[in-house]
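S.K.: Here is how the chains run, residue by residue.
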Amino acid sequence: MSPVLEPVVPLSARRRTVPRWLRRTTGPLLLLVLWQVSSATGVLPSDTLASPGTIADTASGLLKDGTLPHAMLVSVQRVLIGLALGGVIGVSLALVSGLSRLGEDLVDASVQMLRSIPWVGMIPLFIIWMGIGEAPKIALIALGVTFHLYLNVYAGIRGVDAQLIEAGNSLGLGRWGLIRHVVLPGALPGAMTGLRYSLATAWLALVFGETINADDGIGFLLNRAREFFQTDVIVVCLIVYAALGLLADFVVRTLERLLLQWRPNFTGK
Amino acid sequence: MATELHRQVSSLEKDSLEKDSLKKELGQEKEGEGGGAAVRVRSLTRSFDGRAVIDDLQLDVPAGEFVALLGRSGCGKSTLLRVLAGLDREIEGEVLVPRRKAVAFQAPRLMPWKRVWRNVLLGLPGRPGRAVAERALKEVGLGHRIDAWPKTLSGGEAQRASLARALVREPDLLLLDEPFGALDALTRITAQQLVAELWQRRGCAVLLVTHDVEEALLLADRVLVMDGGVIAHQVRVDRDRPRDIADPLLAELRTELLDRLGVKAPEPAAVHKVA
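Going down the list, the protein sequences come from chains X and L.
Its first residue numbered 8, the first sequence is counted upward by one per residue in my numbering.
Its first residue numbered 118, the second sequence is counted upward by one per residue in my numbering.
Just so you know, these hints were derived from the structure itself, not from any lab.
This structure is a prediction, so every number in the text was calculated from the model and none was measured.
One or more hints might be untrue.
[What the hints assert, rightly or not] Below are the DMTMM-like pairs computed for lysine to aspartate or glutamate, each with C-alpha atoms no more than 20 Å apart in a straight line:
id	chain 1	residue 1	chain 2	residue 2
1	L	LYS381	L	GLU369
2	L	LYS231	X	GLU263
3	L	LYS268	X	ASP223
4	L	LYS268	X	GLU173
5	L	LYS231	L	GLU211
Throw the hints in and build the complete structure from the sequences for me.
M.R.: Written as C-alpha cells, this is what we have:
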C-alpha cells in the first residue's frame, strides 16, 4: 500500500491578510482609545490622569512657546556631558586594568568596591560637595555611566580569544599592534553592550538628579507640574524622557551596525 | 633563497649549549653554521610541570626542504612547531630558525573584525597596499573574496586566506600545524595540492605537522616520526611530484610509518587471498 502524499507548502504561499506592522499597532491604539473613552466619560478624572487629547494639546502648546525644546536641550546637554565624562573615566580605567596585570591589581579591586555603593545614594554627598548647580547632576550621570562601561570594556578585553592573540604574535605584531588590531576590536562588542547599559543608566540618573533639585530642564517642568497638579504636563515630560531614551538606543543600534558589521548575527526568523 | 639570517629562539635557561657534541644520527647533509639550513635544533627540551614533552631533541631542516612531522596525539609535535614559531619560549637548548617565518594554524585564526585582505596584511612591516594582499589571495585562488568578512568564508576559503597570510610574508620557513585537519575530505585534497604547488613555486622550507600518514607521504621530502620527545624515526620519500598514493613505494612507506606509530596496517595481500 502506498502512503498518502501531501504537499509541503512553501512559506511564501501562506498568505497574510493583515500586514505585521498593522497588527502590532492595533494593541497600543486600542489602549489609547480606551484611555480617551475613560477620560471622556469621567471614569478617569483629569486630576488622576489627563486624557490623551489634552496631553497632545499641552504638548503642542509647550513646544510652541519654546518651554519644552529649551528644557530638552538642557537635559540632553547634561546627559551628553555626563556620558562623555563617565565614558572617558570608565574606558580609561578599563584599559588600564584590562591591558596590564599591574593595572588590574591597582584599579579593579577599588572599582569593584565602589561599584557596590548604590549611586543614587551618593546624591546627598554630591549636594554637599558640589552644591545644587549643574555639577552634582552631571557627576551623578557620569558615576552611573563609569561603572557600566568599566565592567563591560574590561570583560571585553579579557574575553578576547587567546588564539587570536597568538596568531597576532606569530604575524609579528608588537604590543601596541596587538592592542590596536586584536584586543581593542575584540573588546568592541562588550564596549557596545556597556554603552547601551550606560545610556539607560544616564537617563535614569538624569531623572533622579533633576527631580531632586533643578531650576531648568525636563525635571524642572515635571516638578513644577506636580505642584499645580498638571497631570498632562507630567505625562508629556514622561513621554519626552521615553522618546529621548528610544532615540539614544537607536543611535547605539546604528553605531553597532556600523562598527560590528563583521559579526554575522542571528537576526531572527 | 638565502636563510643566513638566523635568530635564536631565546631560551629561559641557556645551559646545555655545551652539549653540542651531538649525536649526528639525524641525516643532516650539509653541516655548517647557518649555510643552507632553515632549522637547526640542538638538545631541545620543553617540560610541562616537570614532564618533558620534548626531551633532548635534535633536528635539521635544509633550506627549501618539505618536512612532515608525524606522531601520536600528545607526542609533542605541535609543541615543537610552537617552539620553532617562537610562540613557546620556556625551553632549554639551542633553536635556530629564520627571521622570516610564518605559521598557519589548524584553525585559520583570522581576525573576524578585519576584512580578508586586511587580515593578509596584518603585521607586515611598512604600509603595504591592497595590491600586495590581492596578489597573495589570487595565488591561493581567493581573489574573489578579498573584501569578505572572515566569518562569511567557508572552511576551505578561510584556510586559504590563512595560507595567503602566511605566504605574503615570503617566509624562509613555513610552519603548518595540521592545516587541513578541520577540512572536509574533498576540500582537503584541493588544499594539499595547493600547498604542494605553492611550495614548488616559493621554494621555502616547510614543516608540516600532521597525523595523516598519506598526506605526509604525498607532500614531503622527508617524513619524521616523533615519539618519546625526540625524532624517533625518519623516512625519505624519493619520488617526483605529483605523487600517487597508489604508488607501491608509498604504500610500503605507509605501512612502515603506521607501524612506527603503533598502528597495524592491514596486509593487502591477505585480503586478496580471502577473496
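S.K.: Hint by hint, say whether it matches the structure.
M.R.: Now the hints, each set against the structure:
| no. | hint | verdict |
| --- | --- | --- |
| 1 | LYS381(L) / GLU369(L) | holds (13 Å) |
| 2 | LYS231(L) / GLU263(X) | holds (15 Å) |
| 3 | LYS268(L) / ASP223(X) | violated (50 Å) |
| 4 | LYS268(L) / GLU173(X) | holds (19 Å) |
| 5 | LYS231(L) / GLU211(L) | violated (37 Å) |
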